[in-house]
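**Q** Here is what each chain is made of, one letter per residue.
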Amino acid sequence: MPGTILENLSGRKLSVLVAILFFSQLGCFLVGLIAPKPANSQGILATVCHNNKTAAKDMNYWVTRNCERIDLNHVEPGLTADDIVFVLQMPLSPEMDFSRWQQNLVGILQFDLLYQKGLNPVDFIVELTIDARLAFSDKKRTGGRTPWTYYAHSEEKRYMDCNIDLKNIKDPEGYPYNCSMVPLFELGSLYHDYYLLNIRLPYNEQQMKNVDLRKIQDVYLHLIHMNGGFTQVWVSLKTFFFPIIIGIMVWFWRRVHLLSRTPALLEYMLISLGGTLAFLDLPLEYLTLWFEMPYMLLLSDIRQGIFYAMLLSFWLVFAGEHMLIQDNGEKNSIKLYWKHLSTIVTGCLSLLVFDLCERGIQLVNPFYSIWVTPVGTNLALSFIILAGISASMYFIFLCYMIWRVFKNISIKRSVLPSMSQARRLHYEGIIYRFNFLMLATVICAAVTVISFILSQVAEGQNKWDENMELELSSALHTGVYGMWNVYICAMLMLYAPSHKQWPAEPICTEGEEVEFSRLPTDPTPNEISSLTSFASKASIE
Amino acid sequence: MKVTVIFVMNLFVLTALGDVTNARSKNRGKGSMWWGIAKAGEPNNLSPISPGGVYMDLSSAHGTLRRKQRRLARENPGLLVALHKGANNAIHECQHQFRNQRWNCSTRAFPRGKNLFGKIVDKGCRETAFIYAITSAAVTHAIARACSEGSIDTCNCETHYKGRPHVSGNGGGAAVAGVRDFEWGGCSDNIGFGFTVSREFVDAGERGKTIREKMNLHNNEAGRWHVKDQMRQECKCHGMSGSCTIKTCWMRLPPFRVIGDLLKDRFDGASHVAASGHHRNNNNAHQNRPPKNPKLNAISSNSIHSKRENRRKHKYGFQLKPFNPEHKPPGTKDLVYYEMSPGFCEKNPKLGIQGTHGRLCNDTSMGVDGCDIMCCGRGYRTQEVVVFERCNCTFHWCCEVKCDVCRTKRTIHTCV
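Residue numbers (my numbering), protein chains in the order written: chain A, 1 to 541; chain B, 1 to 416.
What the hints contain is simulated information worked out from the structure, not anything from laboratory work. Using N, Cα and C, we set each Cβ at its ideal position, and we do this for glycine too. One or more hints might be untrue.
Listed next, the stretches of chain A that the computed footprint assigns to chain B, with coverage defined by at least 3 CB atoms under 8 Å from CB atoms of chain B [what the hints assert, rightly or not]:
| hint | stretch |
| --- | --- |
| 1 | 30-43 |
| 2 | 55-63 |
| 3 | 88-100 |
| 4 | 105-111 |
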């Protein structure tokens, strides 16, 4: 009679296993402590340069920081918008170069606009037209750099909210507006060593380009990149878990195949869960060190998405399989759960479409953003809202199913005292371990939520005079990542079919206990744990 | 030639002053000699393209710097340009803030060193406090800005993990280590660098032994803290599908006008501190003055116990006492003074005060720009003039303001 390892494992072995899992979990957290925070930013002040109008038509004409400069506070008369180009060289210091470990690059513009008396409203929205061109350059082996080479170009529209609080300012002349930041570009791979951004703000009254713009004092670019140290720790974590999860999957599947039956639904779910985790763990990031893979951002989104979808489906099926929505003797199939699973599919698909619209198009044009046009904003919002609705539907389904499982169990618990000693202990153990695993899931979910909140708080904090070298947010990230790895490894191990035979049971022929006795001629194929059979018998009652 | 003449004259004036008051005042302006950097070199010659050239231009200012300051300038190429900009911002902002007051923060035509603002700084009064705070704030601001501009090479990136921002990476090994640090953990905020370097540079001449030096240190620190506390945090989410699973924040440097306004508010509410506290060190000062008021003691001990304040306040290990024991001791961001301001009404060549004769005033205002206060009761002349003013303006990016010209009659009041 096949049961799962969870039921047949002695308490001591179980505690040893839990201890091992706990320590590997702790290790994941500790390894995060040595890493710097996941991402860092660098603020770069744009150099304002003279633009060569005729040469600027050529896409291979680049203005670098060694240019004729303009002081925006004291401009010569006759200067027009076309004469100005904002030059941003990345990274800031010429001695530094980007490392491919830094993975990706996000650029955000910040405009410091000045209030001028007599012409400005207090609160307004600027429609910016930004002509942005991006070039790259690499270090040569022999020293020096390759010339700037075209990477991307686009003329983009962006909206910027600006306001000024005139009540608290005595003399607003020359006072800065408080303007929102302007996301500019997102590069999925940081393949090259140096990047150069040339920004022009064309002015055209007929085409309504930059007509709302005010006097600009400064233009800052805030660059966000992943930290190399964090990527290294992260990838090593993946490299560590990947072979382990593959090994456990192989072991699990062999055990399932040793049995003289076709695998049950829950076993299929477990192996596919393992598969998606293995896909998530696959350290593809190593490839970015040699190849330019701008689709890495999209790919990692998809990998995470598949994993979460699978995890959510697994919970659903896990709860369902312990509750009995199936008819007797019929093999359970995934089709029974189509209603519940469709919420997951809808949610994930709408997120995927949203992601493809944003990051997919960014593969072609890194300056693209779906949020700029009203149509795009509505589209993006509707996809996100759809995903949100599906998520809440899913949770309602899940909570309902779990509630029914617990109800079932508590009904059966009341029957337990009338059973024979050995059987009662046995069933109590199963219920205890099932609850234990439910508890583990709830704890994992709670820890994830808490660490998410903590990392938000930690990042939002203003740390000035703390000389803390430790970075908690990385530890939280690696900790949570390790936790789900450990969780799924534990599921695969504990829910693998056991080869142990049941202990000799006294065969009772009287009372209601006969209901619980196993008929050797009735090995229902979906019966992977005796809890399931326990519950199914309960429902026959 | 001219420079040397002025220098000699200054020396003479300094010594003369020293004789008049007491020996202590000789050291009074030592730490502020660097102000001269504001007027060193013509701004037109400052082409940031060639740092070498700038260095040469500003080298005339080198003579006014102390040894430690010269070392900092040497180790951080580009620092002098930033200081020059900072000092000029300070003057500009000071004059903007005080344009409607009796004292209008006038600078002298041929200043050298501390005499940039005239001899008002020889007195430990409110105005001096403001000057020290605004210059120190401006320098902090300018250095942080220069870092984001890339014109100082030794900013945080290289020294992120070493904790000593002023050490320049000379030699290939340090540079390689810097690159590796950048790869590992990125760069940290520039304001930290600006704060530290500004503290090292601006405070270089003040040892914090006399009350005047303590006052300068306190006001310098107050200026820097204003810059730091005005940094605004902004965040961007860039996790999975742009969600907030990963969020990165940075600090946004405030425009200098904001800091000027805040410092002006602090000027209006500056703390008068007790001048008698200038003992060798703080402990003595505590013991020599019997606690007049137990409540005050409680307050000051409270402030020492509060951890954050403590760390901030006691960088130099002293706590100034309020002149009026009933008042709270000055906080980190308060401006402090210990002498009353001289009258600014009449011309006072000894203190370099120009008086308020001929200044414009506002006859309807009851405030400091009102004619009653501005003209010190001497009365004022009223004229009617026709002015052509810009009005109904529209702005056209980049650099054009299209306005109508409006002709208005204006009544102008001038102090007698």
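**Q** List in ascending order the numbers of the hints, as given earlier, that are violated by the structure.
**A** Of the numbered hints given earlier, the structure breaks just one, which is hint 2.
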